[in-house]
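Novice: Which chain is which? The protein sequence lines are A and B, in order.
Numbering of the first sequence is given in my numbering, commencing with residue 1 and proceeding in unit increments.
Numbering of the second sequence is given in my numbering, commencing with residue 273 and proceeding in unit increments.
The set of hints was computed from the structure by calculation and includes no laboratory data.
Backbone N, C-alpha and C fix where the C-beta goes; we use that ideal spot for every residue, glycine too.
If a hint is listed, it holds; no wrong ones were tucked in.
So the derived list for chain A, only partly shown, Cβ under 10 Å to chain B, looks like this:
1. 22
2. 27
3. 34
4. 49
5. 98
6. 102
7. 111
8. 122
9. 127
10. 139
11. 140
12. 190
13. 191
14. 201
15. 216
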Amino acid sequence: MSAVQMVLVILVSLVAGMASVCDERQFHRPLVACALMGLVLGDLSTGVALGGSLELIALGWMNVGAAMAPDAALASTIASVVVISTHQSVGTGIAIAVPLAAAGQVLTIFVRSIAVFFQHQADKFAEQANFRGIEIMHFSALLLQGLRVAIPTAVVAAVSGTSVLNDALNAIPKVVTGGLQVAGGFIVVVGYAMVINMMQAKSLMPFFFLGFVIATFSNYNLVGLGIMGACLAIIYVQLNPIYHNAIQMPQPAAAVAAGGSELDDDLDDELN
Amino acid sequence: MSTTTTTAAVTEANPASHEGGLTRRDYISTYFRSSFMLGSFNFERFQAIGVAVSLMPTIKRFYHTKHDQAEALKRHLEFFNTTPWIASPIYGVVAAMEEERSKGGEIEDSDITNVKIGLMGPLAGVGDPVFWGTVRPVLAALGASLALAHSILGPLLFFFGINIIRIATRWYGFKFGYQRGTSIVSNLGGGQLKRLTAIASVLGLFVMGSLVSKWTTIKFPLIIASYHAAGGKLVTTTLQSVLDQLLPGMAALLLTFLCMWLLKKKINAIWIIFGMFVIGILGYWSGFLGL
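Chain A on its own, in the form it takes in the complex (with noise of 0.2 Å):
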């Protein structure tokens, strides 16, 4: 790895970092930073494939309230650099990812726990109106969030190079990586159903069930399935009376229909 990769490497993992904590522009996801791993290493393809095949783990991996998700960002930093500069398959790449997921969440929660510091400080900054203190204290916190993966990651990059880390994953035993890889398979489970339960809604499950029976007896793409959903739910909206307020109820229908010429009467008798 040449010193303006290495360089690159530290620069694309900062900026996973920091997405990583904001989750506004998605350089965090694995599809999004495994390919820019892929483009600075100089093997876009494996790059791009990696992170498809780490997103569909990471699916569902959301920050909801106090709750913090499983990293995708180190998972996915690393992961790039193992399985691009030592060769490694896309499996092994999943296989390492997952406990760095685990540590990259570890890792966040104490740089949150150091930001209560950065909070703190804030407030004294606020006593004297002073605007550009209680910014710097926003974005070093960010900084430190950026660095929290960049670190990390330059470690792995720098001692990739040697055989220490081509040895290590070859000392893995067959059946590790094989059961990694088979787990590999359904572990995407987890953030499914890490969204259905966020949702929160538990008479919308038939449309759930509908999805899968479509998908398993059919030979739609997402394209089609995410179409046929889409319509599934407008119309449902558009039928389900409790979704619109504006419409009253049909009065009761013969008291209408019937009424015409008794309200004949009633103009008739006031008019008289």
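Guided by the hints, dock chain B onto chain A, whose structure is given.
Specialist: Relative to chain A, chain B alone:
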């Protein structure tokens, strides 16, 4: 919450035209600042510093003495937590209220805080299912399906797709909140947001269901019976083929429900994943599970 009185105060002041209000530069500055709002997320007051930093253009525009600015900054360093992108409409409402207050409107500090706190819960109830439950997983699944075939279009589709939605939410959300002021509080219970959330939830659940079937691989290669057919051909029946006759993908479906149950029991996702790794290794070693 004393939103009813403040609603009247802001709407009466013709919220559509803010004379001497925020400028286009303030809008742009607020947008950029808000796009880093979670940077200093901490376990004491969550997104607090990010809120203060995002609202700095507003505070500088409407308050000119050190004392007033300090008060406003302190006000916005209080606990705050919502779906990040959906915070922008809240900033807009807060900006409208701060403007009103700076012009001598009858708005107490506590009114601003109450509206802010009052909005973050209901809006997160929309933002979480829409953005984290539907927009991101659906785009990510599409992107990943392309990326698995080594196509660079996958990451590009995901990245640009989600960012266009994010930028639009933040930019127009802030404008909308600022122009409507506290009147959006009364709209919250209204139909539009509920419908949007329902549409997103149905689409999200439908796609999750199809992904459970399409992208989960659990194979049981265990041979439970084999015999030589008439032509001498070896016919084997695996556990997998028996299960497939019942319902293909049934194991994945059951595993999903197990995960949902475990997550509801507050078990950290990472432990569930490690548990699955152990099952994967044991299954592969024993030949019960295969690739």
